[in-house]
Amino acid sequence: MSVDFDPYAILGVSPDASEEDIRDSYRRAARRLHPDTNQDNPGAAVQFTEITAAYNLLLNYTERIAYNQEAKQRPQDPLAFSLRVTPSKRNLFPLTESQVVYMLAEILPDPRAEAAQEEIRLQTHLNLTLVLDKSNSMNGKRIERVQVAAHKIIDQLSPQDILSVVAFNDHAEVVIPATTVMDKPGLKARIAMLKAFGGTEMFRGLSAGVEENKKYLAPRLVNHVILVTDGNTYGDQEKCLALAQKATQEGISISAMGLGDEWNDKFLDQLASITGGASDYIKTSRSVVRFLDEHVRSLSNGFVDRLSLSVAPDIGVRLESAFKLMPNPQSLSIEEGLIPLGNLQINRITSILLQFELPANMREGYQAIARMVASGDILSSDQQRFQCLSDISLGVTRTPQTDETPPAILDALGRLTLYRMQERAQEALEEGNFVEATSRLEKLATRLFQLGEGSLAEQVRQDAKQVAFTQTLSAKGRKNIKYQTRYLLGGTAVMDEHEEDA
Amino acid sequence: MRACQYCRYANREGFFFCEDCGQPISSEAPAESPTKQIDQSLEHYEWRTSYGTTHFQAGAMIMLHVLDHPTPIVVRPIEQVIIGRKDTDNRLPPDIDLSPYGAAEKGVSRVHAAILRTEEALVLIDKGSANGTHLNGQRLIPQQPRVLRDGDEIRLGRLVAHIYFTT
Chain U
119 MSVDFDPYAI LGVSPDASEE DIRDSYRRAA RRLHPDTNQD NPGAAVQFTE ITAAYNLLLN
179 YTERIAYNQE AKQRPQDPLA FSLRVTPSKR NLFPLTESQV VYMLAEILPD PRAEAAQEEI
239 RLQTHLNLTL VLDKSNSMNG KRIERVQVAA HKIIDQLSPQ DILSVVAFND HAEVVIPATT
299 VMDKPGLKAR IAMLKAFGGT EMFRGLSAGV EENKKYLAPR LVNHVILVTD GNTYGDQEKC
359 LALAQKATQE GISISAMGLG DEWNDKFLDQ LASITGGASD YIKTSRSVVR FLDEHVRSLS
419 NGFVDRLSLS VAPDIGVRLE SAFKLMPNPQ SLSIEEGLIP LGNLQINRIT SILLQFELPA
479 NMREGYQAIA RMVASGDILS SDQQRFQCLS DISLGVTRTP QTDETPPAIL DALGRLTLYR
539 MQERAQEALE EGNFVEATSR LEKLATRLFQ LGEGSLAEQV RQDAKQVAFT QTLSAKGRKN
599 IKYQTRYLLG GTAVMDEHEE DA
Chain C
-5 MRACQYCRYA NREGFFFCED CGQPISSEAP AESPTKQIDQ SLEHYEWRTS YGTTHFQAGA
55 MIMLHVLDHP TPIVVRPIEQ VIIGRKDTDN RLPPDIDLSP YGAAEKGVSR VHAAILRTEE
115 ALVLIDKGSA NGTHLNGQRL IPQQPRVLRD GDEIRLGRLV AHIYFTT
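In the order they appear, the protein sequences are chains U and C.
Just so we're aligned, residue 119 is where the first sequence starts under the numbering used here, counting upward by one.
Just so we're aligned, residue -5 is where the second sequence starts under the numbering used here, counting upward by one.
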């Protein structure tokens, strides 16, 4: 197995450590991370593989010498990132019941990156694939706006970028096979010929798109697929998710843009989330151009790609949930061990809020909570793979000092609570429990009023009324609540234009 | 556990916002033992057919007979007598503390109900308890006073007691 990270850092030993030191340090880490003691903990498995690889490398004399020599030739001190973890409480009170603690994990771009951003932008190249829905429902304004958006993207790309475009209805059609962006008018012409008709079979489009993307797949590129759709796909959702899972492992991320109200938000969110991509709701076709334009801009703004976080909680501690706050707020899946986070932009922090459950009856002293590793490919550096590690433990004492909850956590939690309330209301709605759905929506409205989100609160109150009287809520209403509360998290809503589709 | 001040939902320790209603949870008070939620459907009660007087004489006392406990609780009716259960923290105990009678087990709230003295009568008020207050088998609407009669049966959660007026 190749080791594409610093084995000394992973094991926490110095470059001149003796074999004995390395063994000691490995044993200590392995005891914590071994799969036998971490059955429900996929994050530990990921980290265990890494420390084992590092250990095997360092104990092999020739490999170690080779690594050291190679390391010497690398540029010193490349632009990288750091991992900062802030707990909601520094000191815990030992209780006879389980308790919850939050961790804010922030991945910070190198402060020097901002000064070098012009240079970085020149070095960041995209391998971009657009997968466009051309089913019957896209006919008219929608397809027109998508075409304009694609034209704008072509204008934005440089000759070193790679573009491919796939359009799909019941079949997938490769409109532009993966190519460098040289002949811009030619590429635009091919997009202009798109006509909308037929049904929606997403898997066909997506798999053709991933295939096109793979042609130029490279670790030095941002390999990304953007899916634009306005409809539901039937029967092939599982296949799409499996495809996305595989694409992630190969280094491709997928973003999903839902247009109008008919598409399946849960499915597209999940599709994007498992690859580290973004998902968004585009209310009217007028906004398509801006949404896509901004999304592509954020891709070119990245200097680290395939960013991911693995979390290995200690024995007795359980990771309950993870939520990405910035950029592109979304719920993260913690089942795979490695949480994909997409790219890291030059001047934007990526922050994740993690919720842990701690065991009852903790002993006084220090309680180890988790070991977190952030890793990513640095696009401009020869070293490429970079990792940051953080071991977190908290004090347990019967006389805890009252420490202030970090405002950033309190703030994020307040807004995340709103999103969760909305989720639970939607769950109740799906289960057909209209009484509960109404009550949950009313509570959400109350809370929104208190927080000064008057217009959204009014909207939610109307929705609660609608559920109470008609026992339904329109697809539009449901998406509105979901994405509006989600925008509150990011604080940077892309304002949607209010004109409706004709 | 930490009960939300707004909706009484029992949140796990460490939450900053109530899981149910989204309101912030005060981190001031230490964790408290919440009022046990009891299954009310299993209850049976017998309805009373005769009622005592509502007249409460000037110098009379309230006598509370907790079911299955031989010695009654006797209190002088001040303006408001709080009935509840003493908590582990240093908060002021209620006027009638039912914790020696298995209050925690039977689902009595810290501030469960109150007996108010009006000119010539006593009224019972449920103070928004978790498991409710019943008067002769009927559940009280929280914060709405009901007149007490001599010999009435009151039920706080699952704790049953009889009230007598004594001179």
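To be clear, the hints were calculated from the coordinates, so they are not data collected in a lab.
For each residue, glycine too, the CB sits at the ideal point set by N, CA and C.
Treat each hint with caution, since some may be false.
One side of the interface only, derived from the structure: several residues of chain C facing chain U at Cβ under 7 Å [unchecked claim]:
| no. | residue |
| --- | --- |
| 1 | -2 |
| 2 | 6 |
| 3 | 11 |
| 4 | 145 |
Which residues of chain U face chain C? A partial, calculated answer using Cβ under 7 Å [what the hints assert, rightly or not]:
| no. | residue |
| --- | --- |
| 5 | 213 |
| 6 | 222 |
| 7 | 226 |
| 8 | 230 |
| 9 | 235 |
| 10 | 569 |
Status of each hint after checking the structure:
Because the beta carbon of residue -2(C) sits about 11 Å from the nearest beta carbon in chain U, more than 7 Å, this interface hint is broken. A distance limit of 7 Å between C-beta atoms decides the matter here; for residue 6(C) the minimum to chain U is near 5 Å, and the interface restraint holds. The interface hint given for residue 11(C) holds, since its Cβ lies 4 Å from the closest Cβ of chain U, which is under the 7 Å cut-off. Interface restraint check for residue 145(C): the shortest CB-CB distance to chain U comes to about 40 Å, outside 7 Å, so the restraint is violated.
Taking 7 Å as the C-beta cut-off, the interface hint given for residue 213(U) holds, the closest approach to chain C being about 6 Å. Checking residue 222(U) against chain C: minimum C-beta separation of about 12 Å lies over 7 Å; hint violated. Interface hint at residue 226(U): violated, since its Cβ lies 24 Å from the closest Cβ of chain C, which is beyond the 7 Å cut-off. Because the beta carbon of residue 230(U) sits about 35 Å from the nearest beta carbon in chain C, more than 7 Å, this interface hint is broken.
Because the closest C-beta pair between residue 235(U) and chain C is about 36 Å apart, greater than 7 Å, the hint is violated. Annotation: interface hint on residue 569(U) violated; nearest CB of chain C at approximately 9 Å, more than 7 Å.
Consistency note: the structure conflicts with the earlier hints numbered 1, 4, 6, 7, 8, 9 and 10.
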